[in-house]
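Based on the provided sequences and hints, a complete structural model is requested.
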Amino acid sequence: MFEDLHELGLRAALPPISAIDLQSDPGLEQRFVLEVPVLLLDGLVVCHGRLDAALLQRTLLERAS
48 MFEDLHELGL RAALPPISAI DLQSDPGLEQ RFVLEVPVLL LDGLVVCHGR
98 LDAALLQRTL LERAS
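Quick note: the sequence shown uses the working numbering, first residue 48, plus one each step.
Simulated from the structure, these hints should not be mistaken for laboratory data. Where a beta carbon is used, it is the ideal one built from N, C-alpha and C, also for glycine. Check the hints yourself; a few may be wrong.
Claimed, not checked - Here are the in silico distance ranges between beta carbons for each label pair:
{"no.": "1", "residue 1": "80", "residue 2": "112", "range": "18 to 26 Å"}
{"no.": "2", "residue 1": "101", "residue 2": "70", "range": "25 to 33 Å"}
{"no.": "3", "residue 1": "73", "residue 2": "109", "range": "25 to 33 Å"}
{"no.": "4", "residue 1": "65", "residue 2": "109", "range": "21 to 29 Å"}
{"no.": "5", "residue 1": "73", "residue 2": "104", "range": "27 to 35 Å"}
{"no.": "6", "residue 1": "112", "residue 2": "71", "range": "19 to 27 Å"}
{"no.": "7", "residue 1": "74", "residue 2": "111", "range": "28 to 36 Å"}
{"no.": "8", "residue 1": "84", "residue 2": "59", "range": "18 to 26 Å"}
{"no.": "9", "residue 1": "54", "residue 2": "74", "range": "28 to 36 Å"}
{"no.": "10", "residue 1": "108", "residue 2": "70", "range": "29 to 37 Å"}
This is how it looks when you write it as structure tokens:
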């Protein structure tokens, strides 16, 4: 998903991004085991499985207003 963000030019529009190994956090692993990869913004799921660029852009616009 990192590569998709970069290719679409969305990486610069996002707050800092970090990858988390779900196996290092049992709570996250249990919550997202079937949704990897998952993109969270302020703890809320934006998309999972694959990048939904349109949804991400709408979410960022809503967050900015």
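These are the hints, each one checked on the structure:
no. : hint                    : verdict
1   : 80 with 112: 18 to 26 Å : violated (34 Å)
2   : 101 with 70: 25 to 33 Å : holds (31 Å)
3   : 73 with 109: 25 to 33 Å : holds (31 Å)
4   : 65 with 109: 21 to 29 Å : holds (22 Å)
5   : 73 with 104: 27 to 35 Å : holds (33 Å)
6   : 112 with 71: 19 to 27 Å : violated (35 Å)
7   : 74 with 111: 28 to 36 Å : holds (29 Å)
8   : 84 with 59: 18 to 26 Å  : holds (20 Å)
9   : 54 with 74: 28 to 36 Å  : holds (31 Å)
10  : 108 with 70: 29 to 37 Å : holds (34 Å)
Violation of the numbered hints given earlier is confined to hints 1 and 6; the remaining hints are satisfied by the structure.
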